[in-house]
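S.K.: Listed below are the residues making up each chain.
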Amino acid sequence: MSTKRGKKGDVLLEMKDVKVDGFSDERWHKIIKGIDITLHRGEVMGLIGESGAGKSTLGLAAMGFTKPGCKITSGSIIFDGQDLVLASDEEKRALWGTRIAYVAQSAAASFNPAHRLLDQTVEASLNQGLQPRAAAEADARDLYGQLQLPDPENIGDRYPHQVSGGQLQRMMTAMAMSPRPDLIIFDEPTTALDVTTQVEVLVAMREIVEKFNTAALYITHDLAVVAQMADVIKVLRYGNEVEEAETRQMLESPKEDYTKSLWSVRALEKTESPSDDVVLSIDNVDAAYGGGVKVLHDVSIRIPRGRTVAVVGESGSGKSTTARVITGLLPPMTGSVQFNGEPLPAALKDRTKDQLQRIQMIYQSADTAMNPRQTIAETIGRPLEFYHGLTGKAKQERILELLEMIELDQSFYDRFPNELSGGQKQRVCIARALAADPEIIICDEVTSALDQIVQEGILKLLLRLQKDYNITYLFITHDIAVVQAISDEIVVMYQGAVVEQGGKNEIMSPPYPDYTQLLLNSVPDMDPDWLTNLVEARG
Amino acid sequence: MTDSTQSYSAAAEVGQLRERRTRWQIIKIELAKAPYSAWFGLIVIAFYLFVALFAPLLAPHGEAEIFSQSFAPWGGEHVFGTDQIGRDIFSRLIFGARNTMGIALATTLMSFTIGGGLGLVAAISGGWTDQLLSRAVDVLMAIPGLIFALMLLTIFGSSILSLIMIIAVLDSTRVFRLTRSVAVSVVVMDYVEAAKLRGEKLPWIMRREILPNIMPPLIAEFGLRFSFVFLTIAALSFLGLGIQPPTADWGSMVRDNASMIQFAKYDLTAALTPMIPAGAIALLTVAVNFVVDWFLHKTSGLNDEH
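Chains as they are written, first to last, in the working numbering: chain A, 1 to 539; chain B, 1001 to 1306.
Same shape as in the complex, but just chain A (with noise of 0.2 Å):
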């Protein structure tokens, strides 16, 4: 194994001048518009940018891949002496999976269900001959133990669907690192975790990618996590390069001013005002799914009016079934929601339509919460039709007010949902919410699905609606930055139970609970030492 591996700084990859078309809607598109790529031995580039930018684009392109309706129209992709451009697929496929291993952003989906896991890890050495399967197995264990996953010695004959996330996308680097590849393409691998699993598995694969001496491409739209990680530093739009610069000197002195604009996103802060007008409270709330285990314990919040309550926690905390019990959509087993003093019918269907209009909720994918077969106009008009009884040209001109409310213009108004962006259809749920003319709105990791630069016009556009419409917010996220920027009071949940309940400045400041120390401090920084020092400060 050691023959083929050179010497860490000789140069790996070299893709130059390289350019990538789609296809989509009868034309050919420019993805990727002309870039160039260095990449040395051993040597962690990370590529950042809103999504759109091209950075899968560009990743799958350094193995010489395109998606199908893609391809790479010009330019030169060199790896280790060989042009993956003018390379034959049986020439690529030696390579794909041995030497340039790919790590995909939802292990979920990437590890076939019916086979175990060891089979799959080792899968690539096999087919490729390269170590009998005795060997390939001790290895891949031996991996097991290094990527921190536990009994690395059984974990191997266990199914995908019988780990967790979080250890799933540590087998996934495992199946990666298999065959001892010289090139890893990390596809925003902890996108789709909690904040605490994230930082295990960031531990894990920077490790590991050091030990082994490996080169990575790691694209992600999380600057914290990219400072982890990179050596250098790139950030693309629309598919040019903006600019590329060491961590430390991108850190600290960017130069594009997009560069800085995705810098600043982090530093939106909503001073605290408090209040002791409670719009709703939940008292002592206990809820199970089908009458099954218990999920919620003994939950109480009080939501003051015209505020932000954010409630944090990693997934399975219970945020999402104490939003259900509120919306009458989980009925508890005990305890009560006061709404206004006045308690609230525990099912949905005891509800009046006055209680349901004023209780709203905004939903974490916006994809999946706009029905695809309805215009704009229709999914912001019915709950106008449904609450108010306005028809015909009232409720057109109401339905432009709301558009300008959450700043679109009139072109969307018979648009569909498949023909806007992300940040566009989180924005049309918000007015959906708006028409009712609630007084509370539930959110739901309402900016979780979103890039950073999204992210804050969202966040702006809530902040704005709250003061001038007086509206609150039950914020339910994992994010500590936009708990930052949006709330006034702060419930930490932990395994269906509160934590911790109070304003922010108090929670956000020491001393902490254990669980809300261990939450607030796996919170990437953009500090590129930040992960080392977490790891030396947690032994």
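If you're looking for bench data, these hints aren't it; they were derived computationally from the structure.
Check the hints yourself; a few may be wrong.
With a Cα cut of at most 30 Å, we get these calculated DSBU-like pairs of lysine-lysine [as the list claims (entries may be wrong)]: (1) A/395 with B/1201; (2) A/255 with A/33; (3) A/353 with B/1201.
Since chain A is already given, all that's left is putting chain B on it; use the hints.
M.R.: Relative to chain A, chain B alone:
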């Protein structure tokens, strides 16, 4: 417009540029790209529909008009001769298009109303309602269809109404299963939950939120079910339990003239007479299948062009 000036999105860019075509324009573009098999199917179906609609104008003789000569040979006044009691075969073929297709269409529509409606209710309600309906369907499907239909027809008598009702109910089981399975994946979407939270009633959720999103597979299934119902009715008529005389129907026409096959060595055209209604049944079935194949290919998102 902070959003569109600061961030780039391919979907939004395409949205800005996309020509807003009318439905008619889209249909014209799709038709121009359709394969020959689809064109063939569409032309055949159009022809059948034309014949069915204008049957009284096109047919040279009445549907049940009896002439003196039975088993008349081809040519002359009777293009395809006459049958065993002296009715004009050509005229009965034309009226048969109307009867067989009309009854098949009514049956298919009925089975979609029953099966589709209950399938949606099962998908949205879940729980006991779903269990009850699904198991009832399982029971119905466990009984061999044609034999069950024969039995029910013997009990209720072979009127056109009972024919339509019985086949529709038996066929709705398959529609139920399809509708339920495609609707189940739409029911879990957030927009359906949003509609429930808004306080929308069941019919509105069915009609406005779910139905538009499951139309493509249902339309394709409609074509296929129509073919099957059409074949079932023809089979029942052939067995004498379907459409009753004097109403002209292709299935019973095959049976009435089946014995003429034996005369092939004396008069080839006479032997061909029972083949004509059989061929008419086969041709329509093939045509509908071609169109459904094309439609499924278009809507399933399969794109093998590049």
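S.K.: Looking at the structure, which of the earlier hints fail to hold?
M.R.: none
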